[in-house]
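Asks: Now for the letters of each chain:
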Amino acid sequence: MRRRVVWLGFVFLAVAVVGQGCASRSTTRTHKAPQADEHSTAQQTPAEARRREKQPPRYATTSQPAQSVSSKPVNVLLARADSELDAGNLEQSAANLERAIRIAPHNAVIWHKLARVYLHQGELQQAEAMAKKSNSLATTDDSLWANNWRIIAEARRLQGDTDGANQAERRAQTLRQDREQ
Amino acid sequence: MPKRKQPARNKRRAPRRAPNKRQSKGRVRRLLFVTVAFAVLCSLAYVALLNLQVRNQFEGRRWALPARVFARPLEVYPEQALSPEALIQELKLLRYRRSSGSFSPGVYQQNGNRVIVHTRGFPFWDGDEPERRVRVEFRNNVVANVRDLKRNSKVDLMRIEPVPIANIYPYHQEDRMLVRLENVPHLLIQGLIAVEDRHFYDHHGLDFLAMARAVLVNLRAGRTVQGGSTLTQQLVKNYFLSNERTLWRKFNEAIMAVLLEWHYSKDEILEAYINEVYLGQDKQRAIHGFALASQFYFERRLSDLAPDQIALLVALVKGPSYYNPRKYSQRARERRNLVLRILGEQGYLDSADVKRAVKQRLGVTPKAPSGTTPFPAFLQLVREQLQEDYRDDDLRSEGLMIFTTLDPLVQVKAERAMKRRLARLEKGQASTAGELQAAVVITRVGTGDVVALVGGRDPQFAGYNRALDARRPVGSLLKPFVYLTALSQPQQYTLSTRVDDSPLRLTLAKDRVWSPHNYDHKHHGQVTLKDALVQSYNVATARLGLALGIENVARDLRHFGVQRALPEYPSLVLGAADLSPFEVSKLYQTLASGGYRVPLIAIREVMTHEGELLQRYPLRLRQTANPAAVYLLTVALHEVTRYGTAKALGNLLPETLKVAGKTGTTNDSRDSWFAGFSAEHLGVVWVGRDNNKPTGLTGATGAMQVWADIMRTIPTASLAMSRPENVQWQLIDPDSGLLADEHCSGAEWVPFIKGSAPRSESSCTRNPHTALTRTLRWFKDLFE
Numbered sequence: 001m002r003r004r005v006v007w008l009g010f011v012f013l014a015v016a017v018v019g020q021g022c023a024s025r026s027t028t029r030t031h032k033a034p035q036a037d038e039h040s041t042a043q044q045t046p047a048e049a050r051r052r053e054k055q056p057p058r059y060a061t062t063s064q065p066a067q068s069v070s071s072k073p074v075n076v077l078l079a080r081a082d083s084e085l086d087a088g089n090l091e092q093s094a095a096n097l098e099r100a101i102r103i104a105p106h107n108a109v110i111w112h113k114l115a116r117v118y119l120h121q122g123e124l125q126q127a128e129a130m131a132k133k134s135n136s137l138a139t140t141d142d143s144l145w146a147n148n149w150r151i152i153a154e155a156r157r158l159q160g161d162t163d164g165a166n167q168a169e170r171r172a173q174t175l176r177q178d179r180e181q
Numbered sequence: 001m002p003k004r005k006q007p008a009r010n011k012r013r014a015p016r017r018a019p020n021k022r023q024s025k026g027r028v029r030r031l032l033f034v035t036v037a038f039a040v041l042c043s044l045a046y047v048a049l050l051n052l053q054v055r056n057q058f059e060g061r062r063w064a065l066p067a068r069v070f071a072r073p074l075e076v077y078p079e080q081a082l083s084p085e086a087l088i089q090e091l092k093l094l095r096y097r098r099s100s101g102s103f104s105p106g107v108y109q110q111n112g113n114r115v116i117v118h119t120r121g122f123p124f125w126d127g128d129e130p131e132r133r134v135r136v137e138f139r140n141n142v143v144a145n146v147r148d149l150k151r152n153s154k155v156d157l158m159r160i161e162p163v164p165i166a167n168i169y170p171y172h173q174e175d176r177m178l179v180r181l182e183n184v185p186h187l188l189i190q191g192l193i194a195v196e197d198r199h200f201y202d203h204h205g206l207d208f209l210a211m212a213r214a215v216l217v218n219l220r221a222g223r224t225v226q227g228g229s230t231l232t233q234q235l236v237k238n239y240f241l242s243n244e245r246t247l248w249r250k251f252n253e254a255i256m257a258v259l260l261e262w263h264y265s266k267d268e269i270l271e272a273y274i275n276e277v278y279l280g281q282d283k284q285r286a287i288h289g290f291a292l293a294s295q296f297y298f299e300r301r302l303s304d305l306a307p308d309q310i311a312l313l314v315a316l317v318k319g320p321s322y323y324n325p326r327k328y329s330q331r332a333r334e335r336r337n338l339v340l341r342i343l344g345e346q347g348y349l350d351s352a353d354v355k356r357a358v359k360q361r362l363g364v365t366p367k368a369p370s371g372t373t374p375f376p377a378f379l380q381l382v383r384e385q386l387q388e389d390y391r392d393d394d395l396r397s398e399g400l401m402i403f404t405t406l407d408p409l410v411q412v413k414a415e416r417a418m419k420r421r422l423a424r425l426e427k428g429q430a431s432t433a434g435e436l437q438a439a440v441v442i443t444r445v446g447t448g449d450v451v452a453l454v455g456g457r458d459p460q461f462a463g464y465n466r467a468l469d470a471r472r473p474v475g476s477l478l479k480p481f482v483y484l485t486a487l488s489q490p491q492q493y494t495l496s497t498r499v500d501d502s503p504l505r506l507t508l509a510k511d512r513v514w515s516p517h518n519y520d521h522k523h524h525g526q527v528t529l530k531d532a533l534v535q536s537y538n539v540a541t542a543r544l545g546l547a548l549g550i551e552n553v554a555r556d557l558r559h560f561g562v563q564r565a566l567p568e569y570p571s572l573v574l575g576a577a578d579l580s581p582f583e584v585s586k587l588y589q590t591l592a593s594g595g596y597r598v599p600l601i602a603i604r605e606v607m608t609h610e611g612e613l614l615q616r617y618p619l620r621l622r623q624t625a626n627p628a629a630v631y632l633l634t635v636a637l638h639e640v641t642r643y644g645t646a647k648a649l650g651n652l653l654p655e656t657l658k659v660a661g662k663t664g665t666t667n668d669s670r671d672s673w674f675a676g677f678s679a680e681h682l683g684v685v686w687v688g689r690d691n692n693k694p695t696g697l698t699g700a701t702g703a704m705q706v707w708a709d710i711m712r713t714i715p716t717a718s719l720a721m722s723r724p725e726n727v728q729w730q731l732i733d734p735d736s737g738l739l740a741d742e743h744c745s746g747a748e749w750v751p752f753i754k755g756s757a758p759r760s761e762s763s764c765t766r767n768p769h770t771a772l773t774r775t776l777r778w779f780k781d782l783f784e
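For the protein sequence lines, the chains are A and B, in the order given.
At position 29 of the first sequence the residue is numbered 29 (my numbering), and the sequence of numbers has no breaks.
At position 504 of the second sequence the residue is numbered 504 (my numbering), and the sequence of numbers has no breaks.
FYI, nobody ran anything at the bench for these hints, they're computed from the structure.
There could be a bad hint or two in this list.
Label-pair restraints from in silico Cβ distances [as the list claims (entries may be wrong)]: (1) R383(B) / N75(A): 32 to 40 Å; (2) T174(A) / P599(B): 32 to 40 Å; (3) R712(B) / Q55(A): 23 to 31 Å; (4) T174(A) / Q492(B): 22 to 30 Å; (5) Q55(A) / P599(B): 36 to 44 Å; (6) Q492(B) / N75(A): 39 to 47 Å.
Using 25 Å as the maximum straight-line C-alpha spacing, the simulated BS3-like pairs for lysine-lysine come out as follows [said to hold, decoys possible]: (7) K359(B) / K237(B); (8) K237(B) / K283(B); (9) K359(B) / K327(B); (10) K150(B) / K72(A); (11) K54(A) / K754(B); (12) K367(B) / K283(B); (13) K318(B) / K355(B); (14) K419(B) / K693(B); (15) K419(B) / K283(B); (16) K54(A) / K647(B); (17) K72(A) / K355(B); (18) K318(B) / K266(B).
Ideal placement from N, C-alpha and C gives every residue a C-beta, glycine not left out.
Looking at chain A on its own, in the form it has when it is part of the complex (with noise of 0.2 Å):
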């Protein structure tokens, strides 16, 4: 009898820690998926507006250009900033991709012709420039990460810097998503 009691005694025991355990989650209740913040946040405090989100807020994590303007006008100028290029006239794709870049300023494959042109101008810290930051807008385009990697090898080998250029070349060869493993 004693020995029943014992158990009957641990079990309830077990039972109040593990449940005084479970107990101290929280008591609010998860809302409903947020709707970007398009909600009026004025009026909500910092913590109420933080709680609603369940992902990382929108604008800093957009995978794609920040302008959605049409790719038209974009691409018109940057087949004439290819034509112009194959043609020699480095001057004339800079100014072509540049006016593209008023346009859209966030579309990484400007900034990756526009540094094909300064490598082709010798200009190469320029070039690893741009490439860099076309790569810090190209989220998920694997080939033109690569490609800017392989710009900046080919400018830092230019200048003498093998063992720089083989690390470039070492990225390049890396898919962006395998390095954020």
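Place chain B on chain A using the hints.
Replies: Just chain B now, kept in the frame of chain A:
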């Protein structure tokens, strides 16, 4: 033999005396000759020097095609954020006129959301833009489509010709409006000669009769009443603009006048005179030349003036201040009528015309019009950038075309918003009535183009350019850079790192104690780095700055773009440094571009008159900050606008426009600052008083209001960043700073550079594994 010598000696002595005299006379003559020759040589050398001087002046200011300065060309393409009103505004700036049915270049027609325009085309150096007749359809202030009506095809991209905003005569510091002699009204020339130098065509630089007459008249009158200078002499006087009227100066001018006549023709001299003569003063701007004077007094072209108006201008030559028609109308009128009578006497006007003309009122506009450009503040920046790359000689090639970055639509909106908001702010407090001033700089985020520059409350006035030249303490505007230095060391600082906001007393050298206060005079204990920036806590920032090392902060500031020497005292982190709004823009441009220093440019290219590219100002980047650190900082700066010192923006901007920014207020509210950016534009605004008295405004109640007024009216894109590969967002429990999950109350998403995020979980997480651990721990505690 010796006997004979004596008489011979005697004989010889006598004649020897004569040569002595002749010899001494000869010596004197030689000496005289040498002296005279030397004097003549010196004079010749001197004259040669004067010759050089006067020729330099003449050649330098010679009539030349001015450099034409253009604003940016407006691009038009489908899905562009552009309203029909904005397009029409641009067309009006280009002097397009409304169609009366037909179309030709320079004509437009609006029908609600549809605008048909016949553009003029423009020979851009990077691609000729043809003349086109297009129909632009809008929907919700966005371009829906563009159709070429003549070729019946869709247009994917087109540029309208750029708005001309100024003419620059590079050799001149001031504005000029130069005219060719053949375009000057005959009456003006006739009047000028009749009144100022009647024998202009006869003399060779000096008119001795006139001089003699003047001397007599002046002697009789007891003072200077009449001048005997020729137009040539007056031209020389104008070149050197010296106020001293010494005899020596007059002597020099006389020689130079003769030299001028020797080198140049009468017509050339006359043309130079007409473009050079001093005719008035507009505060700090001197009015030279009849064409500019015509604009200045009558707001008319020289060729459109009536005889009485021409006579007034001629009358002013004698003394533009003394005969200022806006101040001394009676005097001015009398002298004008004198000129009219002389014109009549000389037969250039018939008596009926003279009678009619003398009865006319002066006809000057009551207020002096703006200078020759509607955007003098921006033009100053253009000049400065030109001077960096060009010497005066280079710019002398005629008819250069300078393409700038100015966006007239943004500029006009910025000016209007500033003026309106300042007026409203002053209504709120009588103490500042009429005294509040402001400066605005708007740039493009990607390229560093300066699209708008407002130098003061009266933008048309080419005076003190506060945007470029007013250096004021920047207050909290420097704080983000202190935090950037910290965040660039992720092993030591993250956005969640705790900083101490409790009272701080620092003993500086010589027993001086520095004890910074927060704006709310409270202390907040241990706060996160993020909150310290978002709420702009001074004390926490001061501690952070000291921990980082003030010299490191200063070094980083220089790296990020501050070229001015900074005072390396602890108070630097709280903004005890004087910068101009333009310099602040340079700093913040690095943040807005994601960590890349982009030079701010006002000029894109310079073309020759023939359409060839002379110089291009290409886009240049330099990575100066860790892009991941800048990303973290920008997230914090966005929160400033949602939960921090700039949260009032929530009521001022549309929900869909997300921005990042920082307020700045200096001691006693003398300076009100705001710097903020969207995905497309960076804006820096300063509000204050020129006499540096308190304004009663904070960054949020002053400058930020102007900033918001501008940002919500210009089409701009909402902040949108892509996450760098080495940044991860974590859900953090604000109380413990540890990892949380969505079940923790008040948990917030915080970005971290890889490897710097906290590893342990907060006790608020609902993790069964943790519950068990906690249970076991509870047991353990029981038995301890």
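Asks: All hints, please: hold or fail.
Replies: Status of the hints after comparison with the structure:
1. R383(B) / N75(A): 32 to 40 Å: Since the Cβ atoms of R383(B) and N75(A) sit about 38 Å apart, the hinted range of 32 to 40 Å holds.
2. T174(A) / P599(B): 32 to 40 Å: The hint (32 to 40 Å, Cβ to Cβ) holds, given that T174(A) and P599(B) are roughly 33 Å apart.
3. R712(B) / Q55(A): 23 to 31 Å: This hint holds: roughly 28 Å between Cβ atoms.
4. T174(A) / Q492(B): 22 to 30 Å: Once the Cβ atoms are compared, 28 Å apart, the range 22 to 30 Å for Q492(B) and T174(A) holds.
5. Q55(A) / P599(B): 36 to 44 Å: 37 Å, holds
6. Q492(B) / N75(A): 39 to 47 Å: 46 Å, holds
7. K359(B) / K237(B): Violated - the C-alpha atoms of K237(B) and K359(B) are around 34 Å apart, more than 25 Å.
8. K237(B) / K283(B): Holds - the C-alpha atoms of K283(B) and K237(B) are around 22 Å apart, at most 25 Å.
9. K359(B) / K327(B): 19 Å, holds
10. K150(B) / K72(A): Holds, because 21 Å separates the two Cα atoms, which is no more than 25 Å.
11. K54(A) / K754(B): It holds: about 21 Å lies between the C-alpha atoms, which stays within 25 Å.
12. K367(B) / K283(B): 12 Å, holds
13. K318(B) / K355(B): Holds: K318(B) and K355(B) sit about 23 Å apart, inside 25 Å.
14. K419(B) / K693(B): 20 Å, holds
15. K419(B) / K283(B): 22 Å, holds
16. K54(A) / K647(B): 22 Å, holds
17. K72(A) / K355(B): Cα-Cα ~68 Å, so violated.
18. K318(B) / K266(B): Measuring from Cα to Cα gives roughly 21 Å; hence the hint holds.
Violation of the numbered hints given earlier is confined to hints 7 and 17; the remaining hints are satisfied by the structure.
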